[in-house]
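Asker: Here the protein sequences line up with chains D and G, keeping their order. In terms of our numbering, the first sequence is residues 2 to 539. In terms of our numbering, the second sequence is residues 108 to 249.
Hints are computed from structural coordinates only; laboratory data are not their basis. Be aware that a few hints might be false.
[What the hints assert, rightly or not] Partial list, computed: chain G residues near chain D (C-beta under 8 angstroms): (1) Gly126; (2) Arg170; (3) Cys198.
These numbers were taken from a predicted model, which means no experiment stands behind them. Every residue, glycine too, gets a C-beta built ideally from N, C-alpha and C.
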Amino acid sequence: MSGGVVVVGSGASGVAFAARLVAEGRPVVMLDVGRRGPRPQHPDLDLPGLKRELADPHAHFLGTANESLILPVEDEDEYYGFPPDKQHVFSAHDRLPVSSRGFTPLLSFAAGGLAEAWTGGSYPFNEAELEGWPFGLDELLPRYGAVARDIGISGADDDLARFMPVHDGLQAPIELDRHAALLLADYERKRDRLARRNFVMGRARLAVLSEDRGDRRACDRLGRCLWGCPRGSLYTPSIGLDRLIGRDGFDYRPGHFVERFVADEGGRVRAIVARDEGGREREIPCDRLVMAAGTLASARIYLASLAAQGLRDVELGGLMDNRQMLMPFVNLKMLGRRYEAKSYQYHQLAMGLDLGGAMDYVHGLVTTLKTAMLHPVVQNLPFSMGTSTRFFGEMHTALGLLNVNFSDSPRPENRLALEEGRAGAAPRLLIDYRPTADEPARLRRAATSFRKILRSLGALAPKGMSHLRPMGASVHYAGSLPMTTRGPEDGLDPEGRSRRFDNLWFVDGSGLPTLPAKNLTFTLMANAYRVAERSFLA
Amino acid sequence: MNDRGRSMRELRVLATMLGHAGPIDAMVERYAAVTADEGEIERGRGDRGLQLAALRRGGIPARMASVWAARFDRHGPLRRREALALALLECLPESMDSVDRCSDGGPGAAWPRFLWWGLCEVLLLLAALPVFGCARLFGDPS
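Next comes chain G alone, as it looks inside the complex (with noise of 0.2 angstroms):
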């Protein structure tokens, strides 16, 4: 895949978890742009390759990947990622309708909201925890 197509591939998949459904096109080069500068990812950190390689397939393994970084890599390219991405969708018209959405249920819809949310993040990072901590102890198996 060329670094356009990954780039494309990427963003897709991070609009999706932040939940924007819109098109995606104009933001392609300035995300492309950012990443290169991020240069290559550090050596020994086994997890970080397949963070990417995760987000690029998309799905629960992205979602598994994300949980683990908001965890246990804060700071490292799919946490770096997720915030660019954040920025370029606060920017869109339609941002109203997704990352900025917000619901108007009255804080006795919100609870509910929360425990579920919770509820995911935390069966998730049970399952990213012996892949993505395999990974950081072993090396990268992507």
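Isolated chain D (complex conformation) (with noise of 0.2 angstroms):
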């Protein structure tokens, strides 16, 4: 091989920086470890009818080895685990140890990576959301509107805009429930009101198709988004990775674990060393890198290859990620009612809360999840199991979820670092994670605002139900090596490529100077399409 553009990974970014760069015609190598899921069975049958189908619908949903079962355990953080169908996309990797304090990663080594899990949140950041960044709205604005028409993006024009900038591209959105429409229509009556506090609630922009696309179907509301949609409504990179393999000029090239990257003295990278998967170091030679490992895996990679220059002492601070609340709630409207088995299952609305500045504009998505598995949900309630049980059944249309995000900015001391493994052993990544003094502060008073907003719109938060995420757990992780004006050695330039190697460049959540209270890939995806057109296709 003689060089040429490398991307390292399979993620929404690195996907869609390929995707730029082949539609224009020029050549990429993709190194990746790319570990695949199952492939979705019966899949036009709706959950009722797939549970009928399967031959074992106890592996289906719980696992061979019973590894999506969640049963009562103490001091457990977590209470809803993976469905064995997205096992694949967080299984750890033996290269890659890590160890972490105030901080619970996860990593992928899935191809198409972290977003093949992801629940297709689609929310543009907006100008004063940029505040900081080297780079203002109108150079992110079109890339928007370009990626919502390659993936296929579902939302409407409506209050959601006084936080979310609208874009080109976007498809009708998609059919609402009863629940999610009968607290819009409360919204609507409300909605004078609810403005005065800042409070804004609208459709819910996902990268879910309301229209056919090629040989993606629109959502048919089939109740299985949970197990990964089987007629690819929902993007996950995946669909772009395969729509790119067999292209002219886009090589693919899975089980390859990067280790890190080889430069020359005048700070250009030369090479990549990676293992394939008989555990053989390679090394393949590039002209350009380009890093799209995700935040984690990438500063992996860039720490060890500075150690292997002899820069052993490197931290890169200013991790970031969104804490986040899960504040389940009931809509006294729904109580007792039928229950619909056909219904999208992630969010169907989003609800934007101003609480005082671009970084403090909380966002909250409504989530229904009716066909999620009950255990582990269950277990949780005050009562004994069989009327818990029973207790849900009556519930169980009236149930939302209401998931916040919260906006995180960099710190110093928020940092990652490698440690050198022992004698033949991988090198351990450190990741350090302390939120604010005033974190606690901040969640009750988002939390005491969207209690008395719902309650507003006919629904109960129960105080005690509210659930922290620990911090790692939105896998929005961002900000280990900013792009700036001016700034570190160990930085981006305003085009995402590194201030210490020339021709180096972080397409993922590494470059990103702060991190708004929104789920980050759509970002990801329009920056790596801005990165590519400015740096590489100028």
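Dock chain to chain to rebuild the complex, using the hints, since each chain is given by itself in its own frame.
Answerer: Have a look at this one:
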């Protein structure tokens, strides 16, 4: 192989970057571990139909080794596990041991990366949220539209536009179930009063098709979202990757775990050192290297490369993640109502609450998850299991879950470092994270406001049921090598290029200077288009 | 009673408590495998042995044990068996008619049911308190 552009990682940003280049006829090599999950079975059946047809439904829903079974355990931070079909997304790699304090990291070695398990939330950052970034919304907005046209995003130009810019390329929003429709109708009646509380609500913006697009089909509300959309309605990067594989100029190489890159004395990356599936080390030459392995894995590769050059004490500060709070609520008007098996399972509605300033904006996503496994939820109710199950049955259609995202900003003490392993062992990635001192007050304030707002929409959110997810659980990692106009050597320029190495770019979350309270994936894809166009296609 | 027989018995009682009336044969192997991994009951927790004995007996004793576990032993072996049984039942095609069943009477019908279930829960707890409380304090009488 004679160099060229090499992309490391097949997550949302890596695939977006490669797609943009390949569309212009530029060759790209993609190195990836590339684990694959099972193919969906009986793709046209809804959930009850699937249960009827599966030869072994227990293996499908709980896993062959019961890996998705959640039993009551003391001091468990998370109360919902990953379904068997998504286990490959988060399974660990023995070449990347991690040690963390105050952070529960998730890494992915799947083809498609972490966004293989995303819920499709595609919310553009606004001008105020980009304050402190080395470029403005004018650079991202057209790329948001381009990504929307390429992957298919549904949504509406509604009240949420106050916090989310409207871009072109939106398909019509997906159909609401009765629960979500009632909430939205209540909101519309009380819109003016709620606006005075700086609250807005609208249709979720989702990477989910409401109209057919090529071989991907519009959402038919099969209720199987949690196990992976069998119709390809929900975009995942592996869909984009599969579309690229086989195209002229795209060379996908799964089975490669990238250890580090090798640079010459002039500060240019000349090769990548990767291990193949047999554990053999290989050196792969490259002219330009684009890191898209995800913030944590990219940081490890970067730090290992510096360590190989003798720079062993480098630490990367500024790690960020969206703290998430789960707030279950009961829509009283839905109590005892008939169950709709056919519904979209993730966010149908989104909420925005401005607590005073761009970074104090809080974003809530209303999920119904009617067909999720009950047992992890029911065991948390304060009754006997039989009563809890009956109670849940009565409440099921009335239940909602508000997933509240909080912004984060870079702080040097939240750092990534590398600890050398013993002879032959892989080096360990060290993660330190401490929330700000005012975080509890900030969370309390938002929780109180959302509780009051939900009450005015006819829904009750019992105080004791809210669950603060551990830091790291949102998987919105960012900020280890921020893009700045002028900044540290271990950072990026506004085009996403490393200040230390001339021919090295980062298009994953590493480069984000701040982290607004929104899923970052859509912005990563838009930024990957931006970097591709400005540095590679210009 | 051998392991399979005991698992069958426990699962049948749990399925009944969780509102399932259909066959359970397809789940017994999995239930037995998971409960076998749980190991021995922790010593010094007399109520735990009694909870499992009550579960195998079925009927009111099993319900009393379940209410007791919900209040005072939320991570104990009975609670874990209940969650396991629920998870297994949820995977069955007929789950929509049992554990996943949702009624359709509206809020007017829901509230009386909540009150009735709450009352039953309190009465069972009152009955369970002296029995399981003594077992917890003084050892396992089973």
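Asker: Each of the hints needs a verdict: does it hold here or not?
Answerer: Checked hints:
1. Gly126: Hint on Gly126 (chain G): holds, closest Cβ of chain D at ~6 angstroms, below 8 angstroms.
2. Arg170: holds (7 angstroms)
3. Cys198: holds (4 angstroms)
Comparing the model with each numbered hint stated earlier shows that all of them hold.
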